[in-house]
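Engineer: So the chains spell out like this:
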Amino acid sequence: MDPRPDRREILLRGAKALGVLAGASALAKLTYDRGGWSAHRADGAREVRDYRVADHGGPSDFSVARGTDLTAPAELVRQAVDALGGMRRFISRNDVVVVKPNIGWDRTPLQAANTNPDVVAEVVRLALDAGARRVVVTDASCNDPGRCFTRSRIWAKAHAVGADVVLPAEHRFRTMRLRGEVLDEWPVYRTLIEADKVINVPVAKHHNLAKYTAAMKNWYGSLGGRRNRLHQSIDLSVADLATFMRPTLTVLDGVRVLLRNGPQGGNIDDTRRMNVVVASTDQVAVDAFGCTLIGQRPENLAYLAMGQARGIGTMQWNSLRPREIDLNARGAHSYRIVTPEGWDATALARAVHSPLVLPELA
Amino acid sequence: MSDHPSPIPWLGVVGVVPALDAPPVLATPSPASDSARPEVVKSAAATVEVAAAPSPLDRARGWVRAKLKGKKRPGSGIPARKIIVWLRDARRVSQAGFLGLFLFLLVRTEFRGGFAEGSNVRLPYPVEAFLLADPFVSLMTVLSTHTVYRALWWSLGLVALTLVFGRVFCGWICPFGTLHHLFAWLMPNPRGATTGGRRVRANMTWPYQHVKYYLLGAFLVAALCGSAIGGLLDPICIAVRAVGLGVLPAVSYISGRGLDALTHTNVHALQQGGDAVRDTLVATVLQPRQYFFHQTWVISALLFVVLLANRWIPRFWCRALCPLGATLGVISRHAIVGMEKDHSKCTDCNLCLVDCQGADSPQGGVKHRQDECHMCLNCEVACPEDVIKFRWFPNRRSETFAQDAMDRRKVLVTSLAGAAVIPMARTSDTIDANYYDRLIRPPGAVEERSFMERCIRCAECMKVCPNNALHPAFLESGVEGLWTPILIPRIGYCEPSCVLCGQVCPTGAIQKITEDQKLGNPARRVEAIKIGTAFYDHGRCLPWSMATPCIVCEEFCPTSPKAIWVEELDVPDRDNHPVHVQRPHVDPRLCIGCGACEKVCPVQDRPAVYVTSVGESRSRTNVILLETENYNRS
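Which chain is which? The protein sequence lines are A and B, in order.
Residue 269 in this note's numbering sits at position 269 of the first sequence, and the numbers go up by one each step.
Residue 457 in this note's numbering sits at position 457 of the second sequence, and the numbers go up by one each step.
Chain B on its own, in the form it takes in the complex:
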């Protein structure tokens, strides 16, 4: 208690409280005693005015703010430092800007065509930039592959930023965090309205916030065991996955159905108007056709749940689950900027807690949790008693860290759980034995075990795929492969000259390949990359079993020479009349497994030609032919 020598004014002790290191105004008693000591109030008001020396602009702003809030600053009414108010505003601008940037890059994660010279197609923007800057992703893949893949070293920038300013990423940059911030503001706790006790209680530090550190431990150990499964909970991955595969297609669907109604009116003006709206949407945020994603409702539902959680616990996701936040929390222990508190001035008004984002105990009387703090600065702006100060090199007397409060045995046990999950997942029949034959990975994907070391399920590849061919796996590759990319040719085939999925993959699960490597180039002795092999179901194929000409599959087969070749013959129909048909066959040496044949087969529900993963270039075991000679070479 020696740190708090002052008497406690709101208990009604008479007499001027001695100042510590601030203007005497701080000794102002609560409003209840104002009438008793009018002269002190007057002098206090005068001091404040002199100290603040407001310009007309400031006064106007203060008036507007007072009008908007409808009340004066409570308590002692000490205004927040200008720099902090300015930084708080800057933080809001930054949040909006980075959310906008994230959404811009997300909707541009697609190839829109253009005037480019030459035949190589690349995206104009680094659409995966947020993932490259993500230290959790880097850390996982470094542990699993012992290498830093290409531009992932960008994440060092974020580490450096955190070492200076703490978790500013969470408060100022993270698009998913901003989304939660927004939703917590949109739907405050039902009981307690905007400033009440429940909300303050929810914003205090609670032990559930340790969960993210346990998760981080488990995920990092899992990475060490060879699985980047932590990407399931990486906030950037979730944002790309949920918005890119759930929200945007849903928006496209809703607007499409709505504007279809206009088209069906048969009123020319309405049709034109609907078309104009549609053209604009397609030119800006949507894609020219409706995209569908495999079992994406699960992804959307989980987004819905974590956003809804903000109603009871603001930023529940960030506080409780986010492994990236935990990573940054660990780093932020050493941050240069931090909070100092003058507990002696605190009146326990709890205003700092009303809008606290990180639940990091900004209030007086308890130690601040620097590793939980999002550096949103709301507490210092709210504090009317000059208790809270963010500054360079703060003293650490009122700092503590979540890690100090955590149970080491729990950390050990959860980490062991992370280690146990991987063999459990792998000894079910998903990778080494009896695996799913339709587990077709994108072209350039590395061998399945390496793939698991690298794939963070960020869904960039699925978003960028021009044909809607790549999808989040549900349980096709087991629990461990949840939401890793698989190719579903029936929905879309792999565009032969396209290498965009490798371009946007931040971790090298899909390597950056060239058009030559994908298609093969006999002149340069480059083998084509195979992702599978096509097979015919003769019972369903029109020329094979129904005496009907077709061979759309042969027409679409993109290899040269074509992997599908036809056998010309006359077959009898039911009345024994000869019908000339061309029966298609697959040459497994030439087939690259792109699935164009399966996509265009007119037998709609279960096509007569289908691709399975056998023969894929990335595997040495998933093979058919005993041949060393490759026929894609001349």
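For reference, chain A alone in the conformation it holds in the complex:
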């Protein structure tokens, strides 16, 4: 018969058994779940992304550059930004700059559903010239991103001037607390917000539900998740997003404008070459002015009034020391400092080169 275990071993075994029991109890205590039913709600303060620079008193906060069909879009961008005091007013040395065009749709530049690639490239170039360490161009597209980035020509042209073109990937979205009126928790595209400066480069176009969209609505591209619900309250969600994202600078592409069947378009007959680029520090003002390009009135766009009421910006763009640059066909240009009272939207819309047949106002 085998010998009995000695006292020492019995004690050791007992201690081990007790240890296991104690460990299991401790684990159970740590991971105890009382159960019950309550919707998951993260606490946390409202997150706001404010990339504006302190006002150093540039010559203007709102500029419009207009040209002819022969004017290069890049020249319009240069003139518009210069009128605000140049890119150095906004970009510091070694900044990481994110340029956010509208690359939402699988459309070609002529169809004017995405930002004009030359406008994007010029903004990138200006930012790099101003000393930016890295310029990222990205957007969370509606259609297949690879296709949108390629066929909009933004990938090629932005890459050529030295931008990092980043395609959206699922893992790049992270839930944040926006605490807006309709947008509470949403997955936000981190590549867009991990930056020192953010330049919004929207395209002006018709939108069948919101009537006209450009700068403020462009932040739809910073959201992931199921954006399709936002349409149920499109004005509020646009205002919520513009409250969350405060860009350094907004450069509006009005080189070719989609007048009907927006936001996706698809028919070149729905677009018109307008050769306008607007630059401003105020995204509300940009939209208030931009909507006149397609014959809308700012007072028809509820999200503008909401934006103004929340203090995001002003619909009165003529209060922002506006400047207008008119580039004629020969490339010579005249500067004009416009007094607020001498400059109103409809007059400007009429002044846009090709005579505009305004669509019926809603």
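Distance windows between CB atoms, simulated:
| no. | chain 1 | residue 1 | chain 2 | residue 2 | range |
| --- | --- | --- | --- | --- | --- |
| 1 | B | Ala261 | A | Val20 | 26 to 32 Å |
| 2 | B | His264 | A | Arg46 | 17 to 23 Å |
| 3 | B | Val251 | A | Val48 | 36 to 42 Å |
| 4 | A | Val48 | B | Arg150 | 54 to 60 Å |
| 5 | A | Val20 | B | Ala283 | 45 to 51 Å |
It is worth saying that the hints were derived from the structure and are not from the lab.
Beta carbons are placed, not taken as given, at the ideal position from N, Cα and C, and that holds for glycine.
Given the coordinates of chain A, work out where chain B should sit on it, guided by the hints.
Structural biologist: This is chain B only, laid out in the frame that chain A set:
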């Protein structure tokens, strides 16, 4: 027995065995009698050394090999021919290389965007190359369509290769075969370890190996009856399907969940690290988002089962089931390179069987099965007695073919079964009557009967689809349509300007179409290709029944003019306050059935707008409108 005049040395017969045509070393008795005849051993060793004349490099290599294997070459210890050892190594390199190439082409079966000028999107590589080189696929589609579709004539190259070298494709090239080779090596038979009797027995020729020829017969007759259903078992199709739709998404899922955990730590450095890993994965092998495939677990489970079978029977798949292997086996009867055996020298040590891939009877005393042989050359490398020789124009005295051993009546019966399956499948209500309304085929797909003649279920189209829209059908189009592509708009819609599925389709089940043909071009009087038509479920639609504005569907509708148009009106809400809504309607003349509306509908579980196949361009019967005028034409 007159072919084997020698006495049998291991039975202990005393005396030097007369040599036949080789150095006298061959007469060396077994190690047991070494002590009895030391002088013979010495002379034998000397002869070997003189014959081999090893260079220092060879000696070093031999030392390393001996160290790795831990023992000397057994039996007579005659080294294998250098060229054969070299070819065996070359075969391993080739297997690794082709498996790598296959995986590279598979992960590149997607559009990643780029700087391309112009607006046409094409893939930079011929990602379907392995399928184009597949003679079984060609043979099936030639029998079913009586034509060779485009680049399928590449497969003649593989036929030529097989006519020279036998089934080198199976042993040297086939990525699926290499996978089995690898798994058979990873998990040897539990009983018998690496060299034992079970493994040797498993590697002998068994009658189950005939099954693949019966299957081949059945599939070819089925093809003649109008169905390329054999693609279900084509090894390249299985490899693309199982790895592309099963393994890669699973890898993506696992890595995604793992790295999500890092993101959730809220430690900045960990997040950055996780992002960097994720960015790299996305830039190389994975896709930027998680892909999901309809009922893909069946595909993964079958892969698991055939890989597991290697534990008991190495390369069970290749030996028993592979119809491509059977096709090549039939062709390899006429191969120029083959095996010669000198049965008189065989000591029945069975070392040749230990690593035999094809179970083709390399051992002495029986005839070699050339049509089972994968030309892996392991047997000649292993043979210490100089019995086996691969050479040009071998004599056929010790060759035989599986087909000779097969029962003709069984061939006839299984072929008839192949013929019977097709009418059985078609007379159930899957193609001609009461078919599934959500059977939406990819754009450019040919009419359903022609589709069945061509589709080999290779899943290239599903892998390449940028929106995860194409899926392997389970039973939606009946048993016959298992794993053929269907579009599930709720998971992904058909990207309007994309024609990649037709580009990668090797057999023309999805024709190669242009962007103009897909979208329609009124200026050139080209009609858009329709794959279905959208319908509204008014009870679930927000503007229709809930007095809530929405029209995301209209926003995404890609046609111009839009197929979805809206009716503006004020509707009362519950408290009788008017709410301005836009109610969407579909114009069936303009709708192309892409499913973008269904994909983006905010009613998440069962969308308020959905696409069914009616109105698809490829069918003359699955129609709604009595109209000859096409509104996509100006």
